[in-house]
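J.: The lines below spell out each chain.
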Amino acid sequence: MSLQPQRQILVIFPHPDDEAFSSAGTIRMYRNMGVPVTYACLTLGEMGRNLGNPPFATRESLPEIRREELIAACEVMGINDLRMMGLRDKTVEFEDDEKMVSLVKGLIDELNPSLIITFLPGYAVHPDHEATARAVFETVRRMPTEDRPTIYAVGFANNTIAEKGEPTLQIDVSSVKLEKVKALQAHASQTAWMIEENAKRVDDGRPMSDSWLQYERFYVINQDIL
Amino acid sequence: MKEVQINELQELLNSFANKDVYIHLETTNGAYASHFDERVFNAGAFIRNAKIRFELAKIIADPPHRVGLKMDHGWVYAQGITHFELDEKGRLLMAGLDFTGKLAVALEISETPFSY
Chain A
0 MSLQPQRQIL VIFPHPDDEA FSSAGTIRMY RNMGVPVTYA CLTLGEMGRN LGNPPFATRE
60 SLPEIRREEL IAACEVMGIN DLRMMGLRDK TVEFEDDEKM VSLVKGLIDE LNPSLIITFL
120 PGYAVHPDHE ATARAVFETV RRMPTEDRPT IYAVGFANNT IAEKGEPTLQ IDVSSVKLEK
180 VKALQAHASQ TAWMIEENAK RVDDGRPMSD SWLQYERFYV INQDIL
Chain B
0 MKEVQINELQ ELLNSFANKD VYIHLETTNG AYASHFDERV FNAGAFIRNA KIRFELAKII
60 ADPPHRVGLK MDHGWVYAQG ITHFELDEKG RLLMAGLDFT GKLAVALEIS ETPFSY
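The listed protein sequences derive, respectively, from chains A and B. Residue numbering for the first sequence is 0 to 225, as defined by numbering that gives the first Met the number 0. Residue numbering for the second sequence is 0 to 115, as defined by numbering that gives the first Met the number 0.
I should point out that these hints are in silico values taken from the structure, not numbers from a laboratory. Mixed in with the good hints, there may be bad ones.
Stated by the list, open to error - For lysine to aspartate or glutamate, the following EDC-like pairs were computed, each having C-alpha atoms within a straight-line distance of at most 16 Å:
1. B:K101 x B:E2
2. B:K101 x A:E45
3. B:K69 x B:E54
4. B:K101 x A:E59
5. B:K1 x A:E59
6. B:K88 x A:E145
7. B:K88 x A:E137
8. A:K98 x A:E137
9. B:K18 x B:D71
10. B:K50 x B:D71
11. A:K181 x A:E67
12. B:K50 x B:E2
13. B:K69 x B:D19
14. B:K18 x B:E54
15. B:K57 x B:D97
Just chain A, same shape as in the assembly:
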């Protein structure tokens, strides 16, 4: 199916690389159509665990590495407006809830997006993902129904399909698969192990299923079902 036309897209995720795994292809396709995309990335993934052994980074040098990776990934995806929001990884859920709503509301008021891409509350696994999703959903819920943007929500908890059914939107991103792979590679500090693992599996004659590179799946939250 073809993509729904959009006026402005707002992508909100807490960690550099959340966007690449979940939506790099969709973002790239919309950028190819000329739709403006703002990415508000709440943290720099300061608490990422992968430092390598032998290590390539320290707890203190990782944020700067991930900042550069995020900028490079955004270039690959064609994102024209990247906002680094300055929160700290693993602490998003402990921020004041109203402050989080204000942060999201500020972005919505400024950008007037027709579509927001974020996580699905309750099915987003990481505490920062959940906190981000809660803030976005709460902010949109408070808006007059007719003003609300559509939300494409990413759920990947083990119980997601059992409880929510299959994602309601599957976007075929195979035409931009190369860019999606490049966006993932840009986040090398986080994804090198995965790319290495896949190379090994290819050597072993059993490559990773690439259906997740072929399709991006979302739960569509329309104005009236919040």
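Position chain B against the provided structure of chain A, taking the given hints into account.
T.: Below, chain B without anything else, positioned relative to chain A:
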């Protein structure tokens, strides 16, 4: 960071004794631990920029190493330390990296506050 060398690290630890210092202490098994394996009980702790003063610091030789700091009225310790460095800002960064290169524990000591 390089692998722990006991004498060198002990000397660095000593250099921070009896001074007001900021610490970062973290243990984690990863936010995804129980997503990948539902039998994992996910626990961890984090403190950053707590200001302390210790009179004695000791690293224990058997790896992965334990590092303990004795304060006037209490203790700080970390278990599982494998790597360390004195960074360009003069901060002593210690970490325990597991067999796949993932951080399991970190203990850092600095005379100036760490970033946010």
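J.: For every hint, state whether the structure bears it out.
T.: Hint-by-hint comparison with the structure:
1. For the hint pairing K101 of chain B with E2 of chain B, the CA-to-CA distance comes to about 14 Å; that is within 16 Å, so the pair holds.
2. With a CA separation close to 13 Å, the supplied pair K101 of chain B and E45 of chain A stays within the 16 Å bound.
3. For the hint pairing K69 of chain B with E54 of chain B, the CA-to-CA distance comes to about 6 Å; that is within 16 Å, so the pair holds.
4. At roughly 15 Å between alpha-carbon atoms, K101 of chain B and E59 of chain A fall within 16 Å of each other, so this suggested pair holds.
5. Note on K1 of chain B and E59 of chain A: the hinted pairing holds, with a Cα-Cα distance of about 15 Å set against a maximum of 16 Å.
6. For a cut-off of 16 Å, the pair hint linking K88 of chain B to E145 of chain A is broken: about 53 Å separates their Cα positions.
7. Restraint check: the Cα-Cα separation between K88 of chain B and E137 of chain A comes to about 42 Å, which exceeds 16 Å; the hinted pair is violated.
8. This hinted pair checks out: K98 of chain A and E137 of chain A have alpha carbons roughly 12 Å apart, not beyond 16 Å.
9. For the suggested pair K18 of chain B and D71 of chain B, the alpha carbons sit about 12 Å apart, so the restraint of at most 16 Å is met.
10. For the proposed pair K50 of chain B and D71 of chain B, the alpha carbon gap of about 13 Å is at most 16 Å, so the pair holds.
11. Taken as a hint, the K181 of chain A and E67 of chain A pair is honoured in the structure, with Cα atoms around 14 Å apart against an allowance of 16 Å.
12. Annotation: proposed proximity of K50 of chain B to E2 of chain B is violated, straight-line Cα distance about 27 Å (limit 16 Å).
13. Between K69 of chain B and D19 of chain B, the direct Cα distance comes to roughly 13 Å. Compliance with the 16 Å bound is thereby established for this hinted pair.
14. For a cut-off of 16 Å, the pair hint linking K18 of chain B to E54 of chain B stands: about 8 Å separates their Cα positions.
15. For the suggested pair K57 of chain B and D97 of chain B, the alpha carbons sit about 22 Å apart, so the restraint of at most 16 Å is broken.
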